[in-house]
Amino acid sequence: MSEKIFNIDDLQNINVEGEKYIILQIGPSHPGSGHMRIKVWLDGDIIVKVDPDIGFVHRTSEWLSERREWIKAIPIVERIMLPDTVHANLAYVLTVEKLLSIEPPPRAQYLRSLVAEINRITSHLYGIGIFGIFLGSSTVYMWAFGDREPFIDLMEMLTGARITTSYIIPGGVRWDMPNGFKERAETVLQYMERRLKDYEDIWVKNPVVQARTINVGVLKKEDAISLGVVGPNLRASGVYYDTRKHQPYAAYPNLDFEIPTMKNGDSYDRLLIRVEEIKQSIRMIRQILKDLPEGKIVADQIYNQLNPVMKKNYEEKKRVMFPAFMIHMRPPPGEATAKVEAGRGEIFFYIKSTGDKYPYRFRWVTPSFRNLPFFTHVAVGHRLADLPTIYGSIDYFPPEADR
Amino acid sequence: MNEVRKPRDPVTGHVKALAKGFKYLVEPNRMTLDYPAETMKLPPNYRGFFTVDDKKCIGCSMCEMVCPPEAITMVPRIIGEGGKTLPAPEGEKEAKGPKRTKRPVVNWGKCIFCYFCVDVCPVDAFIPTQVHDLAFEKDNEYRPSYEEYLKPPEEPYKNAKKVVSKADLKRGVGYEPAP
Amino acid sequence: MNIKDELLKISSNIVIDEKKAYYKIVIEESAKIFDAANSLKNLGFDHVVSVTGVDYPDKVEVIWHVSSYSVEDLKGINLALTLPVKKPESVNQNETQGNLASKRPPVTVPSLVKIWPSASFNEREAFEMFGILFEGHPDLRYLMLPEDFYETWPMRKDFTYQRAKVFIE
Amino acid sequence: MSFIPISLIIWLIEDLLYLIIFPGLVTILVLVIVIIWLERKIAAKVQMRFGPLWVSKKIGGALQSLADLLRYSFQEVIIPEKADRLAFILAPGLMFAFATIALIFIPVGPYYSVLFPSYYTILFSLALIIITPIFAITVGWASDNKFSFIGALREGFLLISYEVPFLLSVVSMIIIFRTYDYISAVQSQLNFLPGIILNPLAALVMLIVMIRTTGRFPFDITEADSELVLGLFTEYSALFFGVGMATPYVELYNFSLIFSLLFLGGWWPLNINVMNPVYGLFLPGLVVVIKAFIVMAILVFLRAVYPRYRLDQAVRSGWSYVLLLSILSVILSVVEVMFLR
Numbered sequence: 001m002s003e004k005i006f007n008i009d010d011l012q013n014i015n016v017e018g019e020k021y022i023i024l025q026i027g028p029s030h031p032g033s034g035h036m037r038i039k040v041w042l043d044g045d046i047i048v049k050v051d052p053d054i055g056f057v058h059r060t061s062e063w064l065s066e067r068r069e070w071i072k073a074i075p076i077v078e079r080i081m082l083p084d085t086v087h088a089n090l091a092y093v094l095t096v097e098k099l100l101s102i103e104p105p106p107r108a109q110y111l112r113s114l115v116a117e118i119n120r121i122t123s124h125l126y127g128i129g130i131f132g133i134f135l136g137s138s139t140v141y142m143w144a145f146g147d148r149e150p151f152i153d154l155m156e157m158l159t160g161a162r163i164t165t166s167y168i169i170p171g172g173v174r175w176d177m178p179n180g181f182k183e184r185a186e187t188v189l190q191y192m193e194r195r196l197k198d199y200e201d202i203w204v205k206n207p208v209v210q211a212r213t214i215n216v217g218v219l220k221k222e223d224a225i226s227l228g229v230v231g232p233n234l235r236a237s238g239v240y241y242d243t244r245k246h247q248p249y250a251a252y253p254n255l256d257f258e259i260p261t262m263k264n265g266d267s268y269d270r271l272l273i274r275v276e277e278i279k280q281s282i283r284m285i286r287q288i289l290k291d292l293p294e295g296k297i298v299a300d301q302i303y304n305q306l307n308p309v310m311k312k313n314y315e316e317k318k319r320v321m322f323p324a325f326m327i328h329m330r331p332p333p334g335e336a337t338a339k340v341e342a343g344r345g346e347i348f349f350y351i352k353s354t355g356d357k358y359p360y361r362f363r364w365v366t367p368s369f370r371n372l373p374f375f376t377h378v379a380v381g382h383r384l385a386d387l388p389t390i391y392g393s394i395d396y397f398p399p400e401a402d403r
Numbered sequence: 001m002n003e004v005r006k007p008r009d010p011v012t013g014h015v016k017a018l019a020k021g022f023k024y025l026v027e028p029n030r031m032t033l034d035y036p037a038e039t040m041k042l043p044p045n046y047r048g049f050f051t052v053d054d055k056k057c058i059g060c061s062m063c064e065m066v067c068p069p070e071a072i073t074m075v076p077r078i079i080g081e082g083g084k085t086l087p088a089p090e091g092e093k094e095a096k097g098p099k100r101t102k103r104p105v106v107n108w109g110k111c112i113f114c115y116f117c118v119d120v121c122p123v124d125a126f127i128p129t130q131v132h133d134l135a136f137e138k139d140n141e142y143r144p145s146y147e148e149y150l151k152p153p154e155e156p157y158k159n160a161k162k163v164v165s166k167a168d169l170k171r172g173v174g175y176e177p178a179p
Numbered sequence: 001m002n003i004k005d006e007l008l009k010i011s012s013n014i015v016i017d018e019k020k021a022y023y024k025i026v027i028e029e030s031a032k033i034f035d036a037a038n039s040l041k042n043l044g045f046d047h048v049v050s051v052t053g054v055d056y057p058d059k060v061e062v063i064w065h066v067s068s069y070s071v072e073d074l075k076g077i078n079l080a081l082t083l084p085v086k087k088p089e090s091v092n093q094n095e096t097q098g099n100l101a102s103k104r105p106p107v108t109v110p111s112l113v114k115i116w117p118s119a120s121f122n123e124r125e126a127f128e129m130f131g132i133l134f135e136g137h138p139d140l141r142y143l144m145l146p147e148d149f150y151e152t153w154p155m156r157k158d159f160t161y162q163r164a165k166v167f168i169e
Numbered sequence: 001m002s003f004i005p006i007s008l009i010i011w012l013i014e015d016l017l018y019l020i021i022f023p024g025l026v027t028i029l030v031l032v033i034v035i036i037w038l039e040r041k042i043a044a045k046v047q048m049r050f051g052p053l054w055v056s057k058k059i060g061g062a063l064q065s066l067a068d069l070l071r072y073s074f075q076e077v078i079i080p081e082k083a084d085r086l087a088f089i090l091a092p093g094l095m096f097a098f099a100t101i102a103l104i105f106i107p108v109g110p111y112y113s114v115l116f117p118s119y120y121t122i123l124f125s126l127a128l129i130i131i132t133p134i135f136a137i138t139v140g141w142a143s144d145n146k147f148s149f150i151g152a153l154r155e156g157f158l159l160i161s162y163e164v165p166f167l168l169s170v171v172s173m174i175i176i177f178r179t180y181d182y183i184s185a186v187q188s189q190l191n192f193l194p195g196i197i198l199n200p201l202a203a204l205v206m207l208i209v210m211i212r213t214t215g216r217f218p219f220d221i222t223e224a225d226s227e228l229v230l231g232l233f234t235e236y237s238a239l240f241f242g243v244g245m246a247t248p249y250v251e252l253y254n255f256s257l258i259f260s261l262l263f264l265g266g267w268w269p270l271n272i273n274v275m276n277p278v279y280g281l282f283l284p285g286l287v288v289v290i291k292a293f294i295v296m297a298i299l300v301f302l303r304a305v306y307p308r309y310r311l312d313q314a315v316r317s318g319w320s321y322v323l324l325l326s327i328l329s330v331i332l333s334v335v336e337v338m339f340l341r
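Residue numbers (the numbering used here), protein chains in the order written: chain U, 1 to 403; chain P, 1 to 179; chain R, 1 to 169; chain A, 1 to 341.
There may be inaccurate statements among the hints.
What the hints assert, rightly or not - Quick list of simulated restraints, FRET-style, between CB atoms:
id, chain 1, residue 1, chain 2, residue 2, range
1, P, Ile127, R, Glu89, 54 to 64 Å
2, P, Ser145, A, Ile89, 51 to 61 Å
3, A, Lys57, U, Gln190, 26 to 36 Å
4, A, Tyr321, P, Pro28, 36 to 46 Å
5, P, Ile127, A, Ser73, 44 to 54 Å
6, P, Val131, A, Ile21, 53 to 63 Å
7, U, Pro332, P, Pro177, 48 to 58 Å
8, P, Val131, U, Lys220, 46 to 56 Å
9, A, Leu270, U, Thr187, 50 to 60 Å
10, R, Ile14, U, Arg67, 30 to 40 Å
I should point out that these hints are in silico values taken from the structure, not numbers from a laboratory.
Keep in mind the model is a prediction, meaning the values are calculated, not measured.
We treat Cβ as the ideally placed atom computed from N, Cα and C, and that holds for glycine.
Input sequences plus hints: build the corresponding full structure.
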C-alpha cells in the first residue's frame, strides 16, 4: 500500500529545510538507530530522502591488521562482527589457509561447521530480538535474547568462551568436542523447536506485527541483485544464492540442507526467512552431531611442529597448543579471496601477502556494509514509523558495517 | 522451496497471541538467574583469570610476543633457591648473570582472555581458573606486580549456590543444582 | 561457458587459479575500464562485492571485486577487476613531514556506479581511505572518517602517525 | 463565625475528605504506584524474568515505583533554552490536574456527591477527561524538539480520530439507561442486566478508546521510543517527567472507573440504598475500585503481547472500524429501548 511516491534521482538536490521538509537527525545515540546517524528528510509523515551517516564506531580493523602478525588479526576481526564471531574468524582463516595452502582434517571441518551453525542461530535470534524491540514488542526482545543463552552455553562448553571464541586457527580448531556435548546439544535443539512454536503466535502470526511488516520495505528481485544486498534479505526477494551452496567451504559440501527463498521481498518475508533458516540450522547441527568423523582436529603441518609437552597435552586433553610457527607465520607471496555465509549475509575477504610478517593488504567487507542501499533506495516513500521496521528487518549492525 | 504466505486472519491471531501471553503469565518458568545467590557452574575449559607457575616458567617470553593486545610484559627476575625467583635489584639490569631471568605479568585492563598465551607456552606453565567476575576498585589493582599476580584469584561469591542450566522441554530454560 | 576464454576476449592480462578459486583480470589504461566493466556485466557479473586500493610506492592498484547472483556457473567466482594507476608526483617536494595531500596527491579513476549501483558506498570508502577520486560518482562524500582525517588517505603506506599512549598503561 | 451552621462545615470537611482520601488523591497515587509496578511485573513474568525486585526484595520490589518517584523529585530540572518556558513548566502539571479533577464527578457509591448533587455527572466527567490531551499537545509544542513536535502532531491526529467513537459509545449507554447520572445508571443496572450484556459493542469501542487515550500497547504511538526518542517527554527531566509519565495511568484509572460504572454494573452485588458514609460510600466504592483495578490489569497486560501500530494505521482504523462499531452500538441501544420497554 505504500508504493514508491518519489523517484530517488530527482531528489538529490533537496538539502534545504523549510516549511515543506523537516530534516530529522535520528542521531548516533537514539533508541531506534544504534551507533549511526540517519538523516531523514520528512514531508509530514512521508520519508522523502534518507542519508545514512555511518562511521561512529569505525575501529580501523583493516589498518590495525596490516600492522600486526597474522595470528593477531583473529581477535580483531571477531570483535567487529560481535554477535556472529565464528563466521568472521572462519572467513579470515580460510583466506590464510589458501595462502599457506593448508587443508584441515575432516573432523576439524565438521567442528567448524558445527560452531558456525550454532553461531548462525544466535545471530538470527539477536536479529529477531532487535527487530522485536524496534516494533515495540519487548516480549520478543526478551525471549530472543533469553533463547540465545542455551546456544551460548553450548559454545562455552565447546570453546571455553561465550561469544568471542577465537576457536578456529589456520590448520584446524583449538579444542575437541568434550564428552556429554552431544546429549546436551540434543536437548537444546528440542527446546528450540518447542520455542519456535511459541514464536509463531506471539511474533510471526501476531496481527499487529503483520500489519506493521507486510508490504513494507519491498525490494524487488532485480533491485536486490543490482544493489548487491546480501544474506536473508537477498533470499527474501527471491534470489536463489547462498555461499554455503555455491562456494562451499568447511563441511557444507556433504551436509544436505535447503535454502529458503521467498517471493515478495517485504519486511514480513525477511522475518519469515530468518525463522526458516533457524530450522535449517537445527537440521544441519543434527546431521553434524550424527556423522562427526574421528581423527585429528589439526592439520599435519602443524601437528608435527608440536613439542613433546604440547603433544602430551593434545593426546590427553584434546587441546591444540600453538607451535612457534603460529606467531612467526609468513605466508608465501600471493593474493587470496574467500567468502563465508554469515548469519546476516556473506563476508568477503581479500588479503595480499608479500611474504612479510604482516599482511600487505587486508581488505574485508561485512554484510551490514553491503545492506546500506536499503536505507537510501528502499526506505524512500515510506512513513517515518517504517524506518525502524526496515532497519530491524535487514538485521543491520552498525559496528559491523563501520569495521 | 518457496514459502507460500498464509492469508492474514486477525481475529484468531489476536486470540492466539493473548492466549500464549496468558499461558506464559500463569506457567511458573524463569530464564534469568538470581546472580549473587546463584551462579552458573562453568565448563572445565572455561577461559577465566589465570596465573603462572613460577617454577615451570622458563622466561622465553613467547607469551609476550603472541599476546594480541600486548597485555603481558616480562619482569626481570633472579632465580633463587628451589627454583623460586626473587625480585631483581634495579641497579644491575645490564649484568648478564646465569641467575637472571624474566617472568610474565598480565595487565588485566588489557587482557581479552583469548588464551593465545596459555596455548603458546612451550612448557604449559600457565594455570587457568574459572574465575571470571573479579572487580577491581583501585586503578593499580588490575596492573598487578609479579607477587600479586602469582596469587591465584579466588571466587568473589564463594557461598553462592552452583547451578547448571537445563533446557527443560516443558518449562523453558530453568536451572538445577550442579552435580 | 568457459570463464577463461570469456575473460580473454576482454583483456589479455589474466590470472586464474582454479584450486584456490582466485580469478583476476588486469586492465592497463583507465580509458578502457568502462567498456570492460560493461562486457563483464553482460557476461553475468551483476554486482560489486568490494572496491579497494592496494598502495605501492609508485602506483595505486584499484580493484573492483565483482560476482554474480543470477548466472548459475558464475556464482562461485569472485573476479578481481584491477586497474593499476600511476601516482602523480607530489607538487611540493620540500614539505618535510605530515600527511599533506599536496605531498601525496590523489589519483583519479572513472567511477563504475553507473554500471553497478552496488559500488556507490564501496567507492566512497575507497576514496576516503586511499585518495582515489572516482569521476562520475553522483555523491562522492566522506563516509566514515571525521574531519581531522580529511585528505590524509590513512590506508596508504606512507601515512605518518604517532603511537598514542594507551590510558591503562 | 458562630452563625454559620455547623452542618455546613461538616458537609465541607466531608467532601474534602472524599476528594483527598478515598476516591480522590490518595487512592490515585496508591493505585498509580501499584499499577506501574504491576505492569512491569506482568511484562517480566510473561518474559520469564524477575521484573523489579531489588528495591524491596521481600515483597517483590513493590516499592519500585515509589523509588522512581523519589528519584524524579531529586533530579535536576533542565529547561531547554529555546523552549517556551511558561508552557514548558505548566503543561505537565495541568495535564495531571485535569486528569484528577475528572474524578469529582465519578461517584463510587450512592451516597457520593461532592459540592452539589447533580444529575449530569456523566457529561461533566467526559468534558473534563477530554481536556487532558490538549495539554499533552502543549507539552509537545513547548519543548522545542523535533521529536516531541512530531509526538504532539501524532497526539492531535489520534485525539480527533478517537473522540467521536468514544462519545458515541457513551451516548449509546445514556440511551439505554435514559439518564445522565452514574448513580441512576447503576441503579437501573442493579435491577436489570449489567451494561456489558445490554450493549457489548459499546463496551468494545470503549475498551479500544481506553487503550488509545492512555497510550497502552498496541497504541503506544505518541511515546514510540524506537521512532521518536520519548515522544512528548523527550526534553523533560525531574518531577515534570515523573508527573508526565504518571498521567496516562491516572487517565487509565478514570476510564476504568467509568467502564466499571457503565458496563460492569458499578457496586453490583451490594444492592444498597442506605445514605451514610460507611455503607453508602466506602463498601460500594471498594467494589467499584476492585473492578476498575481488574480492568486496568487487563489493559496493562497488553504491553507483554503486542508491538505498536503505525500512526496512519491507527488513524485509519479510528475513522473506519471503530467509528462504524460505535454507530452500530448506538443503533443497537435504540432498537433495544424501542422493543424491550
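Hint check:
| no. | hint | verdict |
| --- | --- | --- |
| 1 | P:Ile127 / R:Glu89: 54 to 64 Å | holds (59 Å) |
| 2 | P:Ser145 / A:Ile89: 51 to 61 Å | holds (57 Å) |
| 3 | A:Lys57 / U:Gln190: 26 to 36 Å | holds (35 Å) |
| 4 | A:Tyr321 / P:Pro28: 36 to 46 Å | holds (38 Å) |
| 5 | P:Ile127 / A:Ser73: 44 to 54 Å | holds (53 Å) |
| 6 | P:Val131 / A:Ile21: 53 to 63 Å | holds (56 Å) |
| 7 | U:Pro332 / P:Pro177: 48 to 58 Å | holds (55 Å) |
| 8 | P:Val131 / U:Lys220: 46 to 56 Å | holds (55 Å) |
| 9 | A:Leu270 / U:Thr187: 50 to 60 Å | holds (54 Å) |
| 10 | R:Ile14 / U:Arg67: 30 to 40 Å | holds (32 Å) |
Violated hints are absent here; each numbered hint is respected by the structure.
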